[in-house]
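Undergrad: The hints should help you fit chain A onto chain F, whose structure is shown.
Taken in sequence, the protein lines are chains F and A.
Start counting the first sequence at 1; every next residue gets the next number (our numbering).
Start counting the second sequence at 1; every next residue gets the next number (our numbering).
Hints may contain errors.
With the Cβ distance kept under 8 Å, some of the chain A side facing chain F (calculated, not the full set) [to be verified]:
#: 1; residue: LYS46
#: 2; residue: ARG70
#: 3; residue: LEU82
#: 4; residue: LYS100
In short, the hints are calculated from the structure, not lab data.
In this text, all values refer to a predicted model and were calculated from it rather than measured experimentally.
Even glycine gets a Cβ: it sits at the ideal position worked out from N, Cα and C.
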Amino acid sequence: MARSFYPPEAFSPRPSQFFLLPFRFTRFNDQELLVNEAGEFLLAPKGTARGLVDGTIDTTSALYKDLKAKHFAYDDTSSPLLDVLATKIRTKYDHLDGGTKLHIFVVTLRCEHSCHYCQVSRQTASKDEFDMSRETADRSISLMFDSPASHVTLELQGGEPLLAFEMIQYIVSGAKEQAEVRRKTLNLVVTTNLACATDEMLLYFRDEGVKVSTSLDGPAFLHNKNRPRPGNDSYERAIDGIERSRVILGYDNVAALMTTTSTSLDHVKEIIDEYVRREFHTIFLRPISPYGFAVKTKTRTGYEIEKFLDFYKQGLSYILEINRSGYRLSEIYAQILLSKILTPHGTGYVDLQSPAGEAWNVLVYNYNGDVFASDESRMLAEMQDWTFRLGNVHRDTRHSLFTSEAALNMFEASCNQSLAGCSDCAFQPYCGADPIYHHATQGDMYGHRPTSGFCTRNMEVIKHLFSFIEKDDPLTMGIFWSWLTGGPVPTEGLQCA
Amino acid sequence: MEQQRESSLPHKTTASLRISNEVVSVDALLKTCYWFSRDFFCDVQKDGPGFSLVSLKRKDSSPIQMEELRDTFMNHALDFALRERVTAKTADIRDILLAKAFSESGVLEDRPEGVFGDPIEEAKSDGMFKILGNS
Numbered sequence: 001m002a003r004s005f006y007p008p009e010a011f012s013p014r015p016s017q018f019f020l021l022p023f024r025f026t027r028f029n030d031q032e033l034l035v036n037e038a039g040e041f042l043l044a045p046k047g048t049a050r051g052l053v054d055g056t057i058d059t060t061s062a063l064y065k066d067l068k069a070k071h072f073a074y075d076d077t078s079s080p081l082l083d084v085l086a087t088k089i090r091t092k093y094d095h096l097d098g099g100t101k102l103h104i105f106v107v108t109l110r111c112e113h114s115c116h117y118c119q120v121s122r123q124t125a126s127k128d129e130f131d132m133s134r135e136t137a138d139r140s141i142s143l144m145f146d147s148p149a150s151h152v153t154l155e156l157q158g159g160e161p162l163l164a165f166e167m168i169q170y171i172v173s174g175a176k177e178q179a180e181v182r183r184k185t186l187n188l189v190v191t192t193n194l195a196c197a198t199d200e201m202l203l204y205f206r207d208e209g210v211k212v213s214t215s216l217d218g219p220a221f222l223h224n225k226n227r228p229r230p231g232n233d234s235y236e237r238a239i240d241g242i243e244r245s246r247v248i249l250g251y252d253n254v255a256a257l258m259t260t261t262s263t264s265l266d267h268v269k270e271i272i273d274e275y276v277r278r279e280f281h282t283i284f285l286r287p288i289s290p291y292g293f294a295v296k297t298k299t300r301t302g303y304e305i306e307k308f309l310d311f312y313k314q315g316l317s318y319i320l321e322i323n324r325s326g327y328r329l330s331e332i333y334a335q336i337l338l339s340k341i342l343t344p345h346g347t348g349y350v351d352l353q354s355p356a357g358e359a360w361n362v363l364v365y366n367y368n369g370d371v372f373a374s375d376e377s378r379m380l381a382e383m384q385d386w387t388f389r390l391g392n393v394h395r396d397t398r399h400s401l402f403t404s405e406a407a408l409n410m411f412e413a414s415c416n417q418s419l420a421g422c423s424d425c426a427f428q429p430y431c432g433a434d435p436i437y438h439h440a441t442q443g444d445m446y447g448h449r450p451t452s453g454f455c456t457r458n459m460e461v462i463k464h465l466f467s468f469i470e471k472d473d474p475l476t477m478g479i480f481w482s483w484l485t486g487g488p489v490p491t492e493g494l495q496c497a
Numbered sequence: 001m002e003q004q005r006e007s008s009l010p011h012k013t014t015a016s017l018r019i020s021n022e023v024v025s026v027d028a029l030l031k032t033c034y035w036f037s038r039d040f041f042c043d044v045q046k047d048g049p050g051f052s053l054v055s056l057k058r059k060d061s062s063p064i065q066m067e068e069l070r071d072t073f074m075n076h077a078l079d080f081a082l083r084e085r086v087t088a089k090t091a092d093i094r095d096i097l098l099a100k101a102f103s104e105s106g107v108l109e110d111r112p113e114g115v116f117g118d119p120i121e122e123a124k125s126d127g128m129f130k131i132l133g134n135s
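If we strip away everything but chain F, and leave its shape as in the complex, we get (with noise of 0.2 Å):
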């Protein structure tokens, strides 16, 4: 006897209204792009956000089921699953769990190096009274733990750090002990231009799990250029470092950064070219910071910040085809963006949160224990701009570094969800806000959005990578997506057909 099915229709009844989830919409190139709280995209024709509030959206169209899949409908026939879209979102601000993780000590302000772009008032080799000092290392370290994060990453700074290698040890040593009486799991990095690094050093870097992150701006004449120091070989020493530090430390432990400045805007092939060359496979484009002497010296290293995204572009563009062509190399703030963008997860980059990082994820503690909300407002402060000071490790805690005036006036521009701009942007769940960035650009920690570097650097960079996920070619999908799980680089003959 043959059993007898229902029609495909009684197992999705037609409902009779639908109901609105929160989102906000953009039009983009002939569409829409809706975003909904959690992050979650759908690419529609024109009229659907429309549609969507004034009904008239057909709930027996393909459209209507990718709007219910996606969270910007529900109706009568489904459950909202509030607890579903409640978890994405709470996932994608996970790292807000656990509070400050990232701990930057600046064991000097002294460098050898002259770099017309440093963030930092940097000192003369020589002066010492630049370093930090035991006892201010000893109460830095305290607060590093009284931090909730159960897991903190200690970061070694300067000037240059390894001018001051006996502090550096001494901090190691005090903060391992710490970390084991108080029950928490530390990260060590140092952040080093190499040019002073002994044999002696990397050994001790290796037995005691410190990672190595250094400059590396491109090609010789670019880095030198950038970055002159006497005898004019940065980047030889930079390269030489590297190289002994692969060969003491591992390959995995040894991460190199690159700023952008007016000179590097015509050589971004060359740039990555060296990346490649050196065997890195991830390079991060980074703009100029406009603080400290890359302000004072503005003629010599600035730029208007369309360059720099044409800069941008051009690199990314020339970055896929050399993953086309087989080699992983992995754009930093394109990976960064593309997790918030297609995946649940947020990240835990601080310059790109709302609430911003600042402070929240970050502390600066400088060589003489002020204590800053990134390193960003320290150089601020290197220019007589202590709106961002909390406070000293001499004399408050955490409690008072976080409840400070510089901290509360900072935290409520700190949101972009309620920042004027915005609050409406449909982009709001992949940026952030950045109160010390227009602080010092605009005068205003709210910041003009319309004028902000900030908001057109990262909505040109948003709008161009939606412009690849609407294209859809399944080779640069494959490598974005390589990007994010680590899985092999597809190249041409894996295209599906």
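TA: Just chain A now, with coordinates in the frame of chain F:
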């Protein structure tokens, strides 16, 4: 709904748009002007009952052509008006969502609505099986 008053100033560097607040609220006009403030000096005045007069004076750096201004401005204004309607319709559920998302105690987590089972089978008087609902 709205009309454009061409300026009598040379080179058409200014324009005025009279807009019904039934179509675009003052708040939505102010948000539109916010984004136009990079390229224009903007002013919004009341212009009789239920109407606003938006005055725009072009800055030298503006890439927007005056001929396109009316359409461009209205597109943006209508989008902001639509966003207001989305916000009005979803404000309560957004508050609940965020409260649930950031509640660590779990007290705001509801059991899913509806019946765990097969509503079609259950609706039949001679349904072959029935799974207990959660009510």
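Undergrad: Give a verdict on every hint.
TA: Right, here's what the structure says about each hint:
1. LYS46: violated, 22 Å
2. ARG70: violated, 17 Å
3. LEU82: holds, 6 Å
4. LYS100: holds, 4 Å
Hint violations for this structure: numbers 1, 2, all remaining hints satisfied.
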